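**Q** Produce the entire structure from the sequences given, and follow the hints as far as they go.
Going down the list, the protein sequences come from chains A and B.
Residue numbers are given in my numbering: position 101 of the first sequence equals residue 101, and the series is strictly consecutive.
Residue numbers are given in my numbering: position 95 of the second sequence equals residue 95, and the series is strictly consecutive.
In case anyone wonders, no lab produced these hints; they're calculated from the structure.
Note that the structure is a prediction, hence the values are computed from the model and not measured.
Some hints here could point you the wrong way.
[What the hints assert, rightly or not] Cβ pair distances, simulated, as ranges:
| id | chain 1 | residue 1 | chain 2 | residue 2 | range |
| --- | --- | --- | --- | --- | --- |
| 1 | B | S80 | A | A70 | 40 to 50 Å |
| 2 | A | E15 | B | N79 | 22 to 32 Å |
| 3 | B | H77 | A | L110 | 19 to 29 Å |
| 4 | B | Q14 | A | I53 | 14 to 24 Å |
| 5 | A | L110 | B | N26 | 36 to 46 Å |
Ideal placement from N, C-alpha and C gives every residue a C-beta, glycine not left out.
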Amino acid sequence: DQQVKQNSPSLSVQEGRISILNCDYTNSMFDYFLWYKKYPAEGPTFLISISSIKDKNEDGRFTVFLNKSAKHLSLHIVPSQPGDSAVYFCAASPGTYKYIFGTGTRLKVLA
Amino acid sequence: DTAVSQTPKYLVTQMGNDKSIKCEQNLGHDTMYWYKQDSKKFLKIMFSYNNKELIINETVPNRFSPKSPDKAHLNLHINSLELGDSAVYFCATAWTGGSEQFFGPGTRLTVL
Chain A
1 DQQVKQNSPS LSVQEGRISI LNCDYTNSMF DYFLWYKKYP AEGPTFLISI SSIKDKNEDG
61 RFTVFLNKSA KHLSLHIVPS QPGDSAVYFC AASPGTYKYI FGTGTRLKVL A
Chain B
1 DTAVSQTPKY LVTQMGNDKS IKCEQNLGHD TMYWYKQDSK KFLKIMFSYN NKELIINETV
61 PNRFSPKSPD KAHLNLHINS LELGDSAVYF CATAWTGGSE QFFGPGTRLT VL
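**A** Right, dumping it as structure tokens:
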């Protein structure tokens, strides 16, 4: 039973355009959400997070949006750069030490 | 200066063998984790230790035994390795109550 889902395994975007990565969850007890970026042969690296009391968090080119009623979050990257090409994981936590990850979306930014 | 390190980076072994993967962190975090990323790229939590105490054990077979000799180390010992244990294993650390986790580079385990 996968509680965090990233239904798009891959996404290609032109450099300079917006990248939108989506994530859906099923557990309404999740109260903290995170996005991680992963390059090949490396561990995931934290990108941005959002608490369930907010609906938007912004950090430079990265913005995460949370729609609690739809149990949906998205990561917007604008403008997209070739260095953003990586696998992006969303993760959710019910407030304990536990984090549940999605299966990832591979983003390719075309120059 | 690597924040979270894992050794070895690659491990190839035969079925039935016993092997260990080591994780060390120099961030001073009080919580450490082991994750398994299988062939479907699903990153799943296995164990979590807080101040050397086991706090999460996600229905992992008891062939897997984590050991935390001190707050900076969380090692993973695997007995009687099986083909299905082939995966990439990631160590991660965090502060209690903190948000993000810091991941090690991963150990790719291949069981033949």
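**Q** Now, for every hint given, state plainly whether the structure supports it.
**A** Hints and how they fare:
no.: 1; hint: S80/B <-> A70/A: 40 to 50 Å; in the structure: holds, 45 Å
no.: 2; hint: E15/A <-> N79/B: 22 to 32 Å; in the structure: violated, 49 Å
no.: 3; hint: H77/B <-> L110/A: 19 to 29 Å; in the structure: violated, 44 Å
no.: 4; hint: Q14/B <-> I53/A: 14 to 24 Å; in the structure: violated, 51 Å
no.: 5; hint: L110/A <-> N26/B: 36 to 46 Å; in the structure: holds, 38 Å
Figure legend: structure checked against the earlier numbered hints; hints not met, in rising order: 2, 3 and 4.
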